[in-house]
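A.B. asks: Sequence:
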Amino acid sequence: MVQQVTKGIKISVETTFEGSFYKNYKIQYAFGYTVTIENQSKDSVQLNARHWEILDALNNVEIVSGEGVIGKKPVLKPGESHTYTSGCLLTSPFGAMSGHYSMINFTTAKNFKVNIPTFKLSAPFAIN
1 MVQQVTKGIK ISVETTFEGS FYKNYKIQYA FGYTVTIENQ SKDSVQLNAR HWEILDALNN
61 VEIVSGEGVI GKKPVLKPGE SHTYTSGCLL TSPFGAMSGH YSMINFTTAK NFKVNIPTFK
121 LSAPFAIN
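Per UniProt numbering, the sequence shown starts with residue 1, numbered consecutively.
What the hints contain is simulated information worked out from the structure, not anything from laboratory work.
Model, not experiment: these values are computed from the prediction.
Careful, some of the hints might be misleading.
Distance ranges between label pairs, derived from CB positions [unchecked claim]:
| # | residue 1 | residue 2 | range |
| --- | --- | --- | --- |
| 1 | Lys23 | Thr108 | 38 to 48 angstroms |
| 2 | Thr108 | Gln28 | 23 to 33 angstroms |
| 3 | Gly79 | Ser20 | 10 to 20 angstroms |
| 4 | Ser65 | Lys7 | 16 to 26 angstroms |
Simulated pairs of lysine to aspartate or glutamate, DMTMM-like, Cα-Cα distance not exceeding 20 angstroms [said to hold, decoys possible]:
| # | residue 1 | residue 2 |
| --- | --- | --- |
| 5 | Lys7 | Glu80 |
| 6 | Lys10 | Glu80 |
| 7 | Lys23 | Glu62 |
| 8 | Lys120 | Glu14 |
| 9 | Lys120 | Asp56 |
| 10 | Lys10 | Glu62 |
| 11 | Lys113 | Glu67 |
| 12 | Lys120 | Glu53 |
| 13 | Lys23 | Asp56 |
| 14 | Lys10 | Asp56 |
| 15 | Lys26 | Asp56 |
| 16 | Lys120 | Glu80 |
| 17 | Lys110 | Glu67 |
| 18 | Lys73 | Glu38 |
All C-beta atoms in this analysis are idealised placements derived from N, C-alpha and C, irrespective of residue type, glycine included.
Can you build the whole structure from these sequences, using the hints too?
C.D. replies: In structure tokens, the structure reads:
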């Protein structure tokens, strides 16, 4: 598990290897990740958007941006957390993801970014 705190918002990420399959005659490696967003600040906040950079071992980079997470824009009061699970496909058994969430602080009405720590994706059969 990797963790990072930005402006009182703690991000924790755990990953899983889901398996491999062929799509359009190319092998794909499926990974899952579970993210917990914990509000350790004294203010209520809302997650509005996400930005991911997904890198595989073949130096392919995919950028994914959009509103919310899994169709939700969670509001977190102090001490609350939100957990969700998602996934990605890579063309190699190794990779990494990083990014940030765009959030708003309801007390100050200011937007801010929360860093998502870089986490590795690796298929167990490919690890030495």
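A.B. asks: Now tell me if each hint is right for this structure.
C.D. replies: Hints, one by one, checked against the model:
{"no.": "1", "hint": "Lys23 x Thr108: 38 to 48 angstroms", "verdict": "holds, 46 angstroms"}
{"no.": "2", "hint": "Thr108 x Gln28: 23 to 33 angstroms", "verdict": "violated, 43 angstroms"}
{"no.": "3", "hint": "Gly79 x Ser20: 10 to 20 angstroms", "verdict": "violated, 40 angstroms"}
{"no.": "4", "hint": "Ser65 x Lys7: 16 to 26 angstroms", "verdict": "holds, 20 angstroms"}
{"no.": "5", "hint": "Lys7 x Glu80", "verdict": "holds, 15 angstroms"}
{"no.": "6", "hint": "Lys10 x Glu80", "verdict": "holds, 11 angstroms"}
{"no.": "7", "hint": "Lys23 x Glu62", "verdict": "holds, 18 angstroms"}
{"no.": "8", "hint": "Lys120 x Glu14", "verdict": "holds, 10 angstroms"}
{"no.": "9", "hint": "Lys120 x Asp56", "verdict": "holds, 10 angstroms"}
{"no.": "10", "hint": "Lys10 x Glu62", "verdict": "violated, 25 angstroms"}
{"no.": "11", "hint": "Lys113 x Glu67", "verdict": "holds, 14 angstroms"}
{"no.": "12", "hint": "Lys120 x Glu53", "verdict": "holds, 12 angstroms"}
{"no.": "13", "hint": "Lys23 x Asp56", "verdict": "holds, 17 angstroms"}
{"no.": "14", "hint": "Lys10 x Asp56", "verdict": "violated, 26 angstroms"}
{"no.": "15", "hint": "Lys26 x Asp56", "verdict": "holds, 14 angstroms"}
{"no.": "16", "hint": "Lys120 x Glu80", "verdict": "violated, 26 angstroms"}
{"no.": "17", "hint": "Lys110 x Glu67", "verdict": "holds, 17 angstroms"}
{"no.": "18", "hint": "Lys73 x Glu38", "verdict": "holds, 14 angstroms"}
The structure is inconsistent with the numbered hints 2, 3, 10, 14, 16, although it conforms to all the rest.
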